[in-house]
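Chains as they are written, first to last, in our numbering: chain A, 934 to 1307; chain B, 934 to 1307.
None of these hints come from the bench; they were simulated from the model.
Some clues are possibly wrong.
Pairs count within a copy or across copies, as identical chains cannot be separated in the list.
Unchecked claim - Cross-link-like lysine-lysine pairs, in silico, DSSO-like; alpha carbons within 30 Å at most:
id	residue 1	residue 2
1	Lys1281	Lys1087
2	Lys1037	Lys1231
3	Lys1087	Lys1102
4	Lys1281	Lys1231
5	Lys1281	Lys1037
6	Lys1231	Lys1087
7	Lys1281	Lys1102
8	Lys1102	Lys1231
9	Lys1087	Lys1037
Number of protein chains: 2
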Amino acid sequence: MVQLSPPGALRAFTSGVLRSEGVPAPDADLLADTLVMAELWGHASHGMLRLPWYVARLRSGATQRVTRVTTVRDTGALLVLDGGHGIGQVITDQAVTHGVERAKAHGVSAVGIRNSGHFGTAAYFTRRAAEQGCIALLCTNASPAMAPWGGKQKSIGTNPWSIAAPAGKRGVLVMDLANTAVARGKVYLAAERGTPIPPGWAADAEGSPTTDPRAAIEGLIRPMAGPKGYVMSFMFDVLAGVLTGSAFGDEVAGPYQPTETSGAGHLLLTIDVAAMADPAEYAARVEALVDATRDAPKAPWATEILVPGELEDRNAELNSHGIDLAPATWTSLVTLAAESNVPLPPTKEAAPPTEQAALPIEEVAPPSTEDVPA
Amino acid sequence: MVQLSPPGALRAFTSGVLRSEGVPAPDADLLADTLVMAELWGHASHGMLRLPWYVARLRSGATQRVTRVTTVRDTGALLVLDGGHGIGQVITDQAVTHGVERAKAHGVSAVGIRNSGHFGTAAYFTRRAAEQGCIALLCTNASPAMAPWGGKQKSIGTNPWSIAAPAGKRGVLVMDLANTAVARGKVYLAAERGTPIPPGWAADAEGSPTTDPRAAIEGLIRPMAGPKGYVMSFMFDVLAGVLTGSAFGDEVAGPYQPTETSGAGHLLLTIDVAAMADPAEYAARVEALVDATRDAPKAPWATEILVPGELEDRNAELNSHGIDLAPATWTSLVTLAAESNVPLPPTKEAAPPTEQAALPIEEVAPPSTEDVPA
């Protein structure tokens, strides 16, 4: 049975659970908002299914309940922050505040973040910078998910990265992607839903192809676009892990590991649009690019062309009446409610799910990676 | 017949041809070096085959013979340069000089470049920054090569980008890739060599799959990794074209177009490693990542694991005795020699080409994008 929960109530429930674990109210609200926003955008892989993981980490002490960020280096335009193994989302949110402030002062800023944790969707944070008139690039390293090109043992993360930019009247443009053929979270979601994964996404622990998401979790996720995904992930580990003084390579622990310190590092680069361009001129130019792209002639298999981030904005609108939760996710929330004494959010049985609302951009339309558009 | 030419002589010839076209000696030397380095790295697609294109553009006035770069904005850490439609490589080389200098002063810098031209391989420039202790990200827009996801008409470039980082005793780490299933230059090289292209690289002008490189040049290159390549290219156009005040979308002209102003824009982000980390600690950490990656257990199909940029370094060593030129490329150099009165570089007939030396990293090994490593 699919459960629909109103976003506001789900946010309040999530924050309540986190507060009951000793997370300060503003931090609990923030983490709850990141999870619910992921659901609204149609990325359930980064949504509520992670709440029990985060709670387990808080209980074990792998993640500090109270996040205390310290400044390690500060040149004005460049900062290094130490997250003290607190909540990744809280640490990264502070980094964005600094990054935007420093970019407004210097034109550009770099914030390195060490000893952080998994921060959920990178787009949550780059969008915040874009809403304040900045272009932001945020990258992170992550727990080992794939082998280097030519290897058979996982030692390199999916290492997601996001770029967001203001888009004038069109809102915000944002891309957010993992350098793997698929985000690990989608494999977890398939495992949780008990559905097979498409061929080509992953190999099992022996390196053989598999469509079993549980075997894939024990095995290898493949890099996107062959070795290109490998070199991208490698370089983002240099930026997010090596450079910032955080864990790197196979030292980073995943959010699904309840007892190990994460060690994830991030790098945020922020440019103040107003330092590089007249904001009105920039807005007119970016709007022209968006409009020309949307209005381009369509392939026979497509009815419309979307710009980066548009699908998520549209999904958020569609899902604003209620969020569709997988049965296993709902069961975990029932358990958390009982443990924390926080009342469950209201639900109702869902209408048949609309495909549109559940599809991230990389799955929105044919053709597959190997088919040429006709 | 394959021609082998010593790199030094090829460089001198190329510079001589460019000087005869009115390009100042230092600029001619630089452009010649970028073309010969691309050959040495094994990327003939960005090598000598482009010399006649550049000469045609200089003769038509589409590219200014004498490059004059002006500063449009300057906040200290952030600059906007106008290349005045000069030589892209000369403009970008100056941008790197500024970018490194400003990063050393502020920790991080951003240089936006407008009214530039195609700059060849992005890695040539990011490597220069890395050799000076900086991490650099350089992106560019380019002439339309692919359709937006869901479209059937090309309006978005391959928009290549590169990240390079110092790697201590291991030299420099560098990635450089186009957001297409394949670099356009590889299609041009196949057309020049008269060989078919693999299925999946491109579609013809009607949107149908093709293995004919000439049909592909008139048609569509596909994005890498499906819609991911589209969103990446789109965002890099926002950064390199829209933000910098250069041409964007379908306004950018390609280097193979002899009479049209390029309008290409670039964005360079540079971080001084020493501002973010102790350089000795950083070096030890990056060396550890490189060593652990190289020493990882190998897949059955691989004999070794390379780190980003290593193949190009190795190719440069292998090719240092002589560069293998395609017959059509050699013919174009014979013509340029006659026109410019610059003596041709010496050649000899090549030994059978070593596969290793000609393979860029994305082609170095099985499995294909759709095969899962065994």
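Hint check:
no.: 1; hint: Lys1281 <-> Lys1087; verdict: neither (41 Å within a copy, 46 Å between copies)
no.: 2; hint: Lys1037 <-> Lys1231; verdict: neither (40 Å within a copy, 47 Å between copies)
no.: 3; hint: Lys1087 <-> Lys1102; verdict: between (43 Å within a copy, 25 Å between copies)
no.: 4; hint: Lys1281 <-> Lys1231; verdict: neither (38 Å within a copy, 51 Å between copies)
no.: 5; hint: Lys1281 <-> Lys1037; verdict: neither (46 Å within a copy, 58 Å between copies)
no.: 6; hint: Lys1231 <-> Lys1087; verdict: between (40 Å within a copy, 11 Å between copies)
no.: 7; hint: Lys1281 <-> Lys1102; verdict: neither (36 Å within a copy, 61 Å between copies)
no.: 8; hint: Lys1102 <-> Lys1231; verdict: within (23 Å within a copy, 51 Å between copies)
no.: 9; hint: Lys1087 <-> Lys1037; verdict: neither (40 Å within a copy, 36 Å between copies)
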